[in-house]
Amino acid sequence: MTEPLIEPQHIQCENLDQMDQVWTRPETLIDRKLHYCPGCGHSVAHRLIMETIDELNIQETTIGVAPVGCSVFAYHYMDIDMQEAAHGRATAVATGIKRVLPDRIVFTYQGDGDLAAIGTAETIHTINRGENIVIIFVNNGIYGMTGGQMAPTTLPGFVTSTSPNGRDTHTMGYPLKMAEMISVLPGAYYVTRQAVHSAKSVRKAKKATLKAFQYQMDGKGGTSFVEIVSNCPSGWKMTPVESNQYLDDEIFDFYTLGDIKLPPKE
Amino acid sequence: MSEKLLMKGNEALAEAAIRAGLKGYFGYPITPQSELLEYLSHHLNNRGGSFLQAESELAAINMVYGAAGAGVRTMTSTSSPGYSLMQEGVSYIACAEIPCLLVNVVRGGPGLGTIQPSQGDYFQAVKGGGHGDYKLIVLAPDSVQEMADFVYLGFDLADKYLMPVLILTDGALGQMMEPVTFPDYDVEKNKVDHSSWATTGKLTSRSQNVITSLHIEAEKMEDINIHLQKKYKTIQENEVRYEAINTEEADIIIVAFGLVARVAHKAMENANKKGLKVGMIRPITLFPFPTEILLTLSEKVDQFLVVEMNAGQMVEDVRLAVNGKIPVDFYGRMGGVIPQPSEIVDKLIQMDSSKTHSK
Amino acid sequence: MNKEIVIAGFGGQGVLSMGMTFAYAGMVENLEVAWMPSYGPEMRGGTANCVVILSDQKISSPIINEFDTAIILNQPSMEKFESMVKPNGEILFEASTILSPPTRNDIRQYKLPANAAAQSLNNKRIMNMIILGAFTQLNPILHDTSIMTALKKVLPERHHHLLPINEKALHRGKELIYR
Amino acid sequence: MAKIKGHVTIRTENCKGCDLCVHECPQDSLQLSTALNTSGYPYAVLVNDTCTGCTNCALVCPEAVITVFREGKKKPIAILSHVTENITVDITS
Chain L
9 MTEPLIEPQH IQCENLDQMD QVWTRPETLI DRKLHYCPGC GHSVAHRLIM
59 ETIDELNIQE TTIGVAPVGC SVFAYHYMDI DMQEAAHGRA TAVATGIKRV
109 LPDRIVFTYQ GDGDLAAIGT AETIHTINRG ENIVIIFVNN GIYGMTGGQM
159 APTTLPGFVT STSPNGRDTH TMGYPLKMAE MISVLPGAYY VTRQAVHSAK
209 SVRKAKKATL KAFQYQMDGK GGTSFVEIVS NCPSGWKMTP VESNQYLDDE
259 IFDFYTLGDI KLPPKE
Chain P
21 MSEKLLMKGN EALAEAAIRA GLKGYFGYPI TPQSELLEYL SHHLNNRGGS
71 FLQAESELAA INMVYGAAGA GVRTMTSTSS PGYSLMQEGV SYIACAEIPC
121 LLVNVVRGGP GLGTIQPSQG DYFQAVKGGG HGDYKLIVLA PDSVQEMADF
171 VYLGFDLADK YLMPVLILTD GALGQMMEPV TFPDYDVEKN KVDHSSWATT
221 GKLTSRSQNV ITSLHIEAEK MEDINIHLQK KYKTIQENEV RYEAINTEEA
271 DIIIVAFGLV ARVAHKAMEN ANKKGLKVGM IRPITLFPFP TEILLTLSEK
321 VDQFLVVEMN AGQMVEDVRL AVNGKIPVDF YGRMGGVIPQ PSEIVDKLIQ
371 MDSSKTHSK
Chain V
5 MNKEIVIAGF GGQGVLSMGM TFAYAGMVEN LEVAWMPSYG PEMRGGTANC
55 VVILSDQKIS SPIINEFDTA IILNQPSMEK FESMVKPNGE ILFEASTILS
105 PPTRNDIRQY KLPANAAAQS LNNKRIMNMI ILGAFTQLNP ILHDTSIMTA
155 LKKVLPERHH HLLPINEKAL HRGKELIYR
Chain Y
31 MAKIKGHVTI RTENCKGCDL CVHECPQDSL QLSTALNTSG YPYAVLVNDT
81 CTGCTNCALV CPEAVITVFR EGKKKPIAIL SHVTENITVD ITS
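Chains as they are written, first to last, in the numbering used here: chain L, 9 to 274; chain P, 21 to 379; chain V, 5 to 183; chain Y, 31 to 123.
If you are wondering where the hints come from, they were derived from the structure by calculation, not from laboratory data.
Chain Y side only, calculated, beta carbon under 8 Å to chain L, not exhaustive:
| id | residue |
| --- | --- |
| 1 | Thr-64 |
| 2 | Ala-65 |
| 3 | Val-77 |
| 4 | Glu-93 |
Computed from a predicted model, the values in this text were never measured in an experiment. Ideal Cβ positions, reconstructed from N, Cα and C, are used throughout, including at glycine.
Based on the provided sequences and hints, a complete structural model is requested.
Printed below as a string of structure tokens:
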């Protein structure tokens, strides 16, 4: 016989009005229920970018480019002018915007299928031209939107709906390390790999995002590339907590976190 | 009016684009349109615009999407195989209702084909081209002068109807030189305010501008389609352009567009010298198609002859317009071969005599 | 007046620019003109040709396969274009490069030692101007002043110091016909 | 060292019960509800008063439903930002 469930009660605070509000959602993040699955890193990444835009006070000058993938509706949450790109073409669209409006802040938000498979050519050539934009690359090793198929970034052995026995590198190739690949391009100004699975990693990722946008505002270098290694609880068939644990246990060994290319010292 | 210059069609088109206030050009080399790309690479950046050679036609059309979405005059140009690659982006742009100018300097296909002039891309141009129900306004110049003139017209129509306008020309018109003069065109006066929808940065004084072709609810998507179809109907009612020659006394009417219209014109002259009564309709807008004039003429003349550099594409639209009232014959050359006036005259003589026999 | 001309040779002989000079000069004289090149891979080192139409009426078709005049600068072009000259038309050809001259007898033939003449003026590149001179002597439709105005437009500015030698070549070409 | 006292408020209607905040909280101050919100998810609740306002929960919260408060050691009297001309501040209150 199971014990009757006891509903935990939310502790109230009587002198809340005398306390300092030390954290709340950024204003530029539109107050709307997100469509992402519970525990999805996309939501955190969205929030980080909006925090960055608020802190740099660049809402009026920023134009975002949304991709195809789970984050196809990014403009539902980001209260800035945005364009929805075709699959893989986000950096081409961003190039177009930046070339005719060079004083605006332009960024793309892309997943791994978008940036590292169908849009590989656009990614490489945009960065090789050193377009002064920010690329936010959310890498969760899977095609989330279409139902959990193998992505170019899926780890060897990982089971997906199109690699039912695990990714076999003999027939399906190896996962692409996009950040390392593009870091050798002269047009890449700042390349970093971050995560948003813990408070500590979120703090670091935020700093990286701030830097990337700041570099664009300074207009000194080329493309800033922020990879965010994220989870996909639904696609990975794990709970959010398990998926974040899996990142620590398995993924970061392959996708090492940290800065990969820093701007040259002045 | 500028002085008279001797220019290639591709160069005249490029020069006109700069004079029409072009701000963003994105393109990829392909014969026979490369002069366009080259001309703009020399001149656009120091005349107020931004030129970029993209890594592919796919990237180029999406750069157009981005830049045109920022509310400035933007264009790309390519030739047949490249235009096929662009279709994805064109469909997105049509749905998102972004004005821009596209140029297809058509060459012989299918496949890699030849680099000689062709009209094999007619269907692709006027029936949409990419996925989904959409149309482009399609302008078909027949001279270097019109290559220039239709740039201004194209940008103005694009701005008016918020859609891509396609200049459908061919390798020969792109490569040949003829005298051209550029009209006085006031860029500022013709500027359309796109601030209500363009992504230029969300000012606090307005809500966000989003450019998208994604509308996940079927009903919403149907509304968008209804809106687009309404727009195309308005265009069909208001923007038909064509040239009519010798139609009053004619027994046979030739229908031809672009370069072939000039060959057909020569054929018409030669046939009339031989005593035939031949007139001509040259559609200038391929969409909207000049259906009405063809229907009206079908009451007066005996036969139509459609001449094209393809296997017979526009002839279907002529037959639809005429609706079975009179015979619509076809003469075409394919793969990059240009018909000679004499071939068309032979065809006209054959048509004329078969009519006499049947009487 | 309606003059349909083909100029053919190999790439680098100045075939296309000779045609352009024709067309530009025609425009200066307020004629209707069209210049249509061969283009693409066949331009890369192979034969090159262009068609020029000069007319006092609107040019309906720039696409033609019969010519009033053919200016032929190499043997393959002779083989290609001899048959496309209208009866009573003319062929102007460079003497040294054509091994087998035209065989038709319903056309006028002008064998021009243009290369030798260019050598005697110490500038091999003005051969096409010499031929242009010969053409205008035979067909007085373009004035020398119009041709020189045209040449100024066709030649890049850095080559404008060559205008006097080109003018000389034009007259030299006329003299070839006098003889 | 006395602990800083903190507090969180949670917009439970937008919470999806992913449990990340519960695991991230160093004070074990959060739990998931057994009841469900109108979307059908359990939601995070603050179950004790050990919160220090460290913001860890808010940082990992995908839905951005957590607002964090903290008792300040010294409260600022006024925050001046973007001052472009001389102004007078009334500090009597």
